[in-house]
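Based on these hints, arrange chain Y on the given structure of chain P.
For the record, the sequence lines run as chains P and Y. Counting in this note's numbering, the first sequence runs from 1 upward without gaps. Counting in this note's numbering, the second sequence runs from 417 upward without gaps.
Any given hint could be a false lead.
Said to hold, decoys possible - So the derived list for chain P, only partly shown, Cβ under 10 Å to chain Y, looks like this:
hint, residue
1, R62
2, Q144
3, A276
What the hints assert, rightly or not - Estimated spans, in silico, between C-beta atoms of each pair:
hint, chain 1, residue 1, chain 2, residue 2, range
4, Y, D440, P, T334, 41 to 47 Å
5, P, D91, Y, A583, 45 to 51 Å
6, P, S383, Y, E472, 58 to 64 Å
7, P, M1, Y, V706, 46 to 52 Å
Said to hold, decoys possible - Covered by chain P, per the in silico footprint, the following chain Y stretches (three or more residues, Cβ under 8 Å):
hint, stretch
8, 426-440
9, 501-512
If you're looking for bench data, these hints aren't it; they were derived computationally from the structure. In this text, all values refer to a predicted model and were calculated from it rather than measured experimentally. For each residue, glycine too, the CB sits at the ideal point set by N, CA and C.
Protein chains: 2
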Amino acid sequence: MALLVQKYGGTSVANLERIQRVADRVAESRRRGNRLVVVVSAMSGVTDGLLRMAREIDREPREREMDLLLATGEQTTTALLAMALHARGVDAVALTGAQAGIVTDGTHTRARIANVTPSAVRAHLQAGRVVIVAGFQGQTMGGQITTLGRGGSDLTAIALAAVLRAARCEIYTDVDGVYTADPRTEPRARKIREISYDEMLELASTGAKVMQARSVEFAKKFGVVFEVRSSFHRTRGTMVKEEAKSMERVVVRGVSLEKNQAKVTLAGVADRPGVAANMFSGIARGGINVDMIVQNVSLPADGKRGKAQTDITFTVPRDELSKVKRYLEKFRQTGGARQILFQEGIAKVSVVGIGMRSHSGVAAQLFRALAKAGVNIQMISTSEIKITVVVDESAGPKAVRAAHREFRLGGRAQKR
Amino acid sequence: MALLVQKYGGTSVANLERIQRVADRVAESRRRGNRLVVVVSAMSGVTDGLLRMAREIDREPREREMDLLLATGEQTTTALLAMALHARGVDAVALTGAQAGIVTDGTHTRARIANVTPSAVRAHLQAGRVVIVAGFQGQTMGGQITTLGRGGSDLTAIALAAVLRAARCEIYTDVDGVYTADPRTEPRARKIREISYDEMLELASTGAKVMQARSVEFAKKFGVVFEVRSSFHRTRGTMVKEEAKSMERVVVRGVSLEKNQAKVTLAGVADRPGVAANMFSGIARGGINVDMIVQNVSLPADGKRGKAQTDITFTVPRDELSKVKRYLEKFRQTGGARQILFQEGIAKVSVVGIGMRSHSGVAAQLFRALAKAGVNIQMISTSEIKITVVVDESAGPKAVRAAHREFRLGGRAQKR
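This is chain P alone, in the form it adopts within the complex (with noise of 0.2 Å):
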């Protein structure tokens, strides 16, 4: 009998109706023969209002209460899964994430899980029983209760796949599969088959959120085979692996957008070392997000011999950029730099594929595919798998299909 770990999201759990759907599915694949731990998330819109009384008392919540509070959305859930699946004759055990042996750090509200303990779990699915795991949660060896943060619960899953050495993984979720672009903005997109963590991790680091990367990482690193795929429908989805000969026949994989993005541009930074180490260790401390780091080739200042000096600039979510701005501004103060320059209303567009790296000319193609679009190119950034380039934000959505045409990935435009 093969051992099945799934995973539902908090929309596929999102009321009592979709709950009892869940429960149907599940109990198909256990009459199928299957042994089956299924990982679920609170269900949806429980963990924000449970956010929102903790704000409404306190309006920065200590992080171990703020734990204990959530990890109580999936605490439900699990126990009204298994009450469904009694109730459809199914054997099945609730467990909390501390029951199924997650074991976590102490940092509360984005543990690392620490190892799995899986005693619990391997005894009740000997017995038969279908083990129902809350994800999202764990706790510390010393009994605090932990939780993961985004994308908890697909780490749960993959960590118990992992641990268990299960047959498959399967993320359900509210999208049917990874797709070459996102539909909305591409009608001809097509659903990805196959696709390897490298770059489902590129893809998720540029917006194609169907998951956090950490969730790939961990999968990569323990060789987890994964299908994501929904919990609507049963068509097949897309399946996550080490990347095989035949996926470097193509070149690029898919394309994404990320919207919603700024630009901050330091003039005059002093070009010697540990000047731009200090600032984005300072960005970092405040918790902010600096992605695509682009730094011009110093010149000396006005041709004479001097300070060299030399330009950064960098990408952050829209949302991010009040902050940054206040950060900057004692930079620049205390003489970190020249002038800081501020860009909204741009858009990050990525190619990414394996196939890549034994085809040279990629960055080429995709430079002049976007040009003969009419699409100014501002900002370039370049990884082994993958091409980044700043747009402005009303041109994201023509870049998106250029590219997309330009390297083939469209089928017929789907109805979605």
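Relative to chain P, chain Y alone:
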């Protein structure tokens, strides 16, 4: 610094505004120098909402998962109250029942406390923190989450007060103490300043539902003195304690009225050992709460020699009558009784007081008073400190007022 255990019931923490008020009260007590353990219930309505969801999913949900579900209610309140204290600059920590060391047996939904291991609570108190504990819940030695059943939060508070040797235990609820009678029935009812455990127990068992009997029993067993008082105003409540000499001067402490009762009479039951035992065991297995059993003296049937027969009468809550009927019909058919009579529309009136033990004639005095008021007595049952009579439901309030007057319990008519 005195150690104080406080318990706030569901109506006291019914919404965020009330949680804020409880936090004010706790913060004030803390500033006066008390060390504090605060036990909280689920916000009122929350438990019912969870029960409703569970029953919608499965008509008879398994008790293990029920406990997992219900325990989230109190956990939520602890986190919110701790946050409210943080916002007031009071160091506080929220603990689940398990974290607070409440160890129970494995009887889900009505677990019994096996022991309390308060090392974490002690450590937090030592560190100067207010300790917020989720009432109503615990954990088995094997790590299963359990709940303690009705009145469970009171039990948590009293158990913690016992094991921590607290100087005081305050039970905050939506009434401001124990009264000589229900003020809605008898406007002259007075709040009782001090009451013995035994009197409180007898009142609890006869409808004055300020607290469940088991919590009072627990307090008596471990000598925990506690005060029942209102969380909505500041007036002193009722102290519940071991009887003092001065208490005995009062013959009757209070009068209670229990409506919605039904009477069942079995006529012609074989008068031999084991027959009644069998019948009542059967009823008990159905989870029915039988009260006031009266058996008449046996008389040989028809004055002839033959099998001795007897009549047995008992009362049950009216809403359990249909279950009783079903069971007893079988009992009758198998020859257990000649005839069975059911009567709804009755009430129980009890007078309670430890002073009765040393005062004879209390029963006679009560019966005279009821007769004078024109109240007909249908059944009588007495214990050492309680006399209960069954009367017509419509005569219940009149009976309460007559007894209240007879034993001079009243003050001036109260405004509540």
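Status of the hints after comparison with the structure:
Because the beta carbon of R62 of chain P sits about 6 Å from the nearest beta carbon in chain Y, less than 10 Å, this interface hint is met. Given the 10 Å rule on beta carbons, the hint for Q144 of chain P holds: about 8 Å separates it from the nearest Cβ of chain Y. The interface hint given for A276 of chain P is broken, as the beta carbon of that residue sits about 38 Å from the closest beta carbon of chain Y, more than 10 Å. At about 44 Å, the beta-carbon gap between D440 of chain Y and T334 of chain P stays in the expected band of 41 to 47 Å.
Look at D91 of chain P against A583 of chain Y: about 49 Å separates their beta carbons, and that is inside 45 to 51 Å. Here the CB-CB span from S383 of chain P to E472 of chain Y is close to 50 Å, at odds with the stated 58 to 64 Å. Under the hint 46 to 52 Å, the C-beta atoms of M1 of chain P and V706 of chain Y, about 49 Å apart, fit the expected range. Closer than 8 Å: that is the beta-carbon criterion, and the stretch 426-440 of chain Y has 3 residues meeting it against chain P, so the requirement of 3 holds.
Counting residues of the stretch 501-512 of chain Y whose C-beta sits closer than 8 Å to any C-beta of chain P gives 5, which meets the bar of three, so the coverage hint holds.
This entry does not satisfy hints 3 and 6, going by the numbered hints stated previously.
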